[in-house]
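Build the full structure now, drawing on both the sequences and the hints.
Residue numbers for the sequence shown follow my numbering, so the first one is 3 and each next one is one higher.
Because the hints were derived from the structure by calculation, they are not lab data. Just so you know, even glycine gets a beta-carbon here, dropped at the ideal spot from N, CA and C. It is possible that some hints are incorrect.
[What the hints assert, rightly or not] Simulated restraints, written as ranges between beta carbons of each label pair: (1) Phe76 to Tyr19: 39 to 45 Å; (2) Gly98 to Glu37: 21 to 27 Å; (3) Glu51 to Ala23: 36 to 42 Å.
[Claimed, not checked] Lysine-lysine pairs mimicking PhoX-like chemistry, simulated, CA-CA at most 25 Å apart: (4) Lys56 to Lys9; (5) Lys150 to Lys108; (6) Lys158 to Lys190; (7) Lys108 to Lys158; (8) Lys158 to Lys192.
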Amino acid sequence: MRSDNAKGEIYLTDIVYHANAQALNVTYRTTNETEIAGVNSRQDLAHIEAILQKRLRQSAMEQGVTLQAPETVFLNADIRFGRDVIIEPHVVIGAGSVIGEGCIIKSFSHIEGTTLGACCIIGPYARLRPGTNADEGVKIGNFVETKKAVIGAGSKANHLTYIGDTTIGVGANIGAGTITCNYDGFGKFKTLIGDGASIGSNTALVAPVTIGAGAIIGAGSTITADVPSNSITTTRSAVDVRHDAATRYRSVRENDTK
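This is the structure:
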């Protein structure tokens, strides 16, 4: 077969020439036209992708997956599904993903390179990046992003959180606005969070750092050193209340503008 043409392609029609040159018998086989469809433009590529997605959705539903709006869900060919999975509208599940039995994937979530144990609840609006491995019953809520995160059974991160290069134990709670600060501009570092730990809202965990089992981190803290198990740790400044100061401030401002 030759490819000495402008695009360097091998043409299917050249088979006739080569068969004739070798005095071969000619026969034929019927097939669906989509199996031999050419892709010569972006439009052709989109057409073939649509056909593939339809097949993947059908296969998922045959495996016991509920797709609430199949035409809005996009799947990769290598996904493995457990039974009784529910996928809400507008979900993308990419390569290398395993979705365990009974999981619920809520709308507008994007998952790739992720393994979910049984009965996890993901989203809406969650992003699970490669290396995420969540055990049974994990909850990852809206606007939560994970990357290279191992999350123990029953742990929760329900809102507005970034978990990267992190191992979380069993039954931990990660409060809204928590960030694992895993990158210092040169290297990536790990955060370890023990079983049953509770991380308060708007906390920054500056890796490398370990939060002991059962520890409680007060909301608004920035943690730069290891925290012992079953301790309570805060780094907030004391509250400064100045009574009636707002009234005096407004009065001064009003006089200044006259």
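Structure-based check of all given hints:
1. The supplied range of 39 to 45 Å is met by Phe76 and Tyr19, whose beta-carbon atoms lie about 41 Å from each other.
2. Gly98 and Glu37 have their C-beta atoms about 26 Å apart, which keeps the hinted 21 to 27 Å range intact.
3. Separated by about 37 Å at the C-beta atoms, Glu51 and Ala23 satisfy the suggested range of 36 to 42 Å.
4. With a CA separation close to 30 Å, the supplied pair Lys56 and Lys9 exceeds the 25 Å bound.
5. A distance of roughly 21 Å separates the Cα atoms of Lys150 and Lys108; the hinted pair therefore holds under the 25 Å criterion.
6. Distance hint between Lys158 and Lys190 is fulfilled; the C-alpha atoms sit about 23 Å from each other, no more than 25 Å.
7. For a cut-off of 25 Å, the pair hint linking Lys108 to Lys158 stands: about 15 Å separates their Cα positions.
8. Between Lys158 and Lys192 the alpha-carbon distance is near 19 Å, which keeps this suggested pair within the 25 Å criterion.
Hint violations for this structure: number 4 only, all remaining hints satisfied.
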